[in-house]
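The hints should help you fit chain B onto chain A, whose structure is shown.
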Amino acid sequence: MLLSVRDLRSAFFLDEGELWAVDGISFDVEAGETVGLVGESGCGKTIVALSILDLIPHPGRVVSGRVLFEGRDLLRLPPEEMRKVRGAGIGIIFQEAAAALNPVYRIGNQIADVIRLHRGLARRDAWSEAVKVLAAMGIPEPEKRARSYPFELSGGMKQRAMIAIAMAGRPKLLIADEPTTALDLTVQAEISDLLRQIQDEYRMAILIISHDLELVADMADRTMVMYTGRLVETADTKELVGEPMHPYTQGLIGAIPVLGAGSETPLQGIPGAVPDLLDLPSGCTFHPRCRLADDECKLEPPPLEDAAHRHQCACYKVRVQT
Amino acid sequence: MLKYIIKRLLLSVPLVLGIVTATFFIARLAPGDPMDMYLEPQRQRQVDPEVIELMRKRYGLDQPIHVQYVTWIKNVARGDFGESFRHRRPVRDIVAEAVPYTLQLTILALLLDALFGISLGIISAVKQYTKLDKTLTVGSLIVYAIPGFWLALMLIMLFSVNLGWFPTSQTRSMNYEDLTMIGKFLDRLWHLALPVFVLGIAGAAGTARYMRNRLLEVLNEEYIVAARARGFRERTVIVKHALRNALIPIVTIYGMSLPFLLGGATIIETIFAWPGMGRLTVAAVGGRDYPIIMATTTIAALLTVLGNLLADVTYAAVDPRVSYDAPRKR
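Chains as they are written, first to last, in our numbering: chain A, 184 to 505; chain B, 11 to 340.
In isolation and in its complexed conformation, chain A is listed as follows (with noise of 0.2 Å):
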């Protein structure tokens, strides 16, 4: 197993209180698979993916669990150790690339700074092998392009270019947190078929994280269904979209537009919204927006238990279907 995250368990502490944004989540990701994990904005889905590389801003910081990569705990290493793994061990892409890169120096240079960091190589060597990496992002002039700052770049150009930074370490995951969210649709489908191409020719594992479902179901062998920092339903991504078993996923599945269903067939939208972190509901968080809730769901949190093959649901009315 390349990694494995263990109740992991990650907090902000507010002046306001205790901010839990990620709250008991274990998951695994196989070497060379792409697993995604969706949900609405503000569920935590980069905490999670800042809590794999230990980087949660102040006044967060992971509370407890294990995050297993290569079988060493992440959360355990030395700082000096836990560098080389950020960078040539997971790579991690955001959403903005124009906030991610950093403005004042060239792209050529700050993907050389992470191959002479990760790979050792000469100033020289590594500037050449930028522009190498900037052409295997498919860049067109890829000589140019390393010279160019990225506000010289459009916003699909940047993206590419700070995918091109974080597989210059050439890592075993790869992060990407909302990687098309912020583009053009033409050149959101673009990205994403870049990261698959880029997957095949490095074998590496990708980790998509996205409130867009269609897009995770597009890339994704396995998909995890997050909301208020806990798991609700996981399974491969086929039977995930196919028999959802979660109320909350079957909600997020029904609000797809589907593409030549008619008016008569109106959008349908989960009720209520996304509860505020720091004033939870009881029991299953989700329980004020669902059609089966009952008193019962209001007492504990449902575990994230098996209810078919390589299927988990979170959920006490489901488990009193199966």
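It should be emphasised that the hints constitute simulated quantities derived from the structure, not laboratory data. Take the hints with a grain of salt, since some may be wrong.
[What the hints assert, rightly or not] Mimicking DSBU-like on lysine-lysine, the simulated pairs with C-alpha atoms at most 35 Å apart in a straight line are: (1) A:K267 <-> B:K67; (2) B:K67 <-> B:K84; (3) B:K250 <-> A:K327; (4) B:K13 <-> A:K327; (5) B:K144 <-> A:K267; (6) A:K267 <-> B:K250; (7) A:K327 <-> B:K17.
Frame of chain A, contents of chain B only:
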């Protein structure tokens, strides 16, 4: 870039002219007469009214104000700032004597400002929320809030009057001429210590506060998290990725301190009897010494314009996103 600089310089001509014109008329329309100093009864000196009239004529003060203005502009265009009423010497010579004294003071003060301001600001930001940060933040706020003249007087009280460690004022000791080369140098530094400290420490407090806020802002940027996620050392993240971005506006601030460099510090120079541009200006205003008032104002106006231009030009040099040339081809 050159085109931009020329354009900016041409645009600043009317600005400088406007400042100078306003100063000319305000100074002359203000109450008081440069000849008053010859008539003050406490000077116990009777000067013949006819002599006063002659002097008025000699300095052109008998002319209507607009005629005086035109004459002054004509002379300045030839590089002639006239003669000081009080010192009866060319203004150019007097300014040339004052400038080196001011430069000694202001350059050292700016160095102190930058050295302590930037480094303490960085330490404070990197150690955010620690006791050290809190102490530095509160300390810099207090220093920032202390009026310079009060601090100067308190330091003179403590270090000069009570402890006798530093001289109260002046630029050199009485026995200066008898000292060796090294002795002279040390004597100068000894006299510079207090005024430089007062000027520099207030600037450093402001710079430290600004530097801290800027660096904290930058440290919250996503590209800092991204840099950490690439496995760079924290030191590299701070120095290479954060500082370069945080220092950009600081450079601009120092570019704009050009008027201070040559204009000097009016209050501190006066308190320490430092014969620089600041004290010269204050004395000239008090004595209605119009030619000197006009000369120092003109210099200050020019330097302010040049300082702003310098700040903008350095901005383009340190920030690749800023360019004054035609848009680059993408």
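Each hint tested on the structure:
1. A:K267 <-> B:K67: The hint is violated at about 84 Å.
2. B:K67 <-> B:K84: holds (18 Å)
3. B:K250 <-> A:K327: holds (23 Å)
4. B:K13 <-> A:K327: With Cα atoms ~27 Å apart, K13 (chain B) and K327 (chain A) stay inside 35 Å; holds.
5. B:K144 <-> A:K267: OK: K144 (chain B) and K267 (chain A) at ~34 Å, within 35 Å.
6. A:K267 <-> B:K250: OK: K267 (chain A) and K250 (chain B) at ~19 Å, within 35 Å.
7. A:K327 <-> B:K17: holds (32 Å)
Hint 1 from the earlier list is the only one contradicted by this structure; the remaining hints agree with it.
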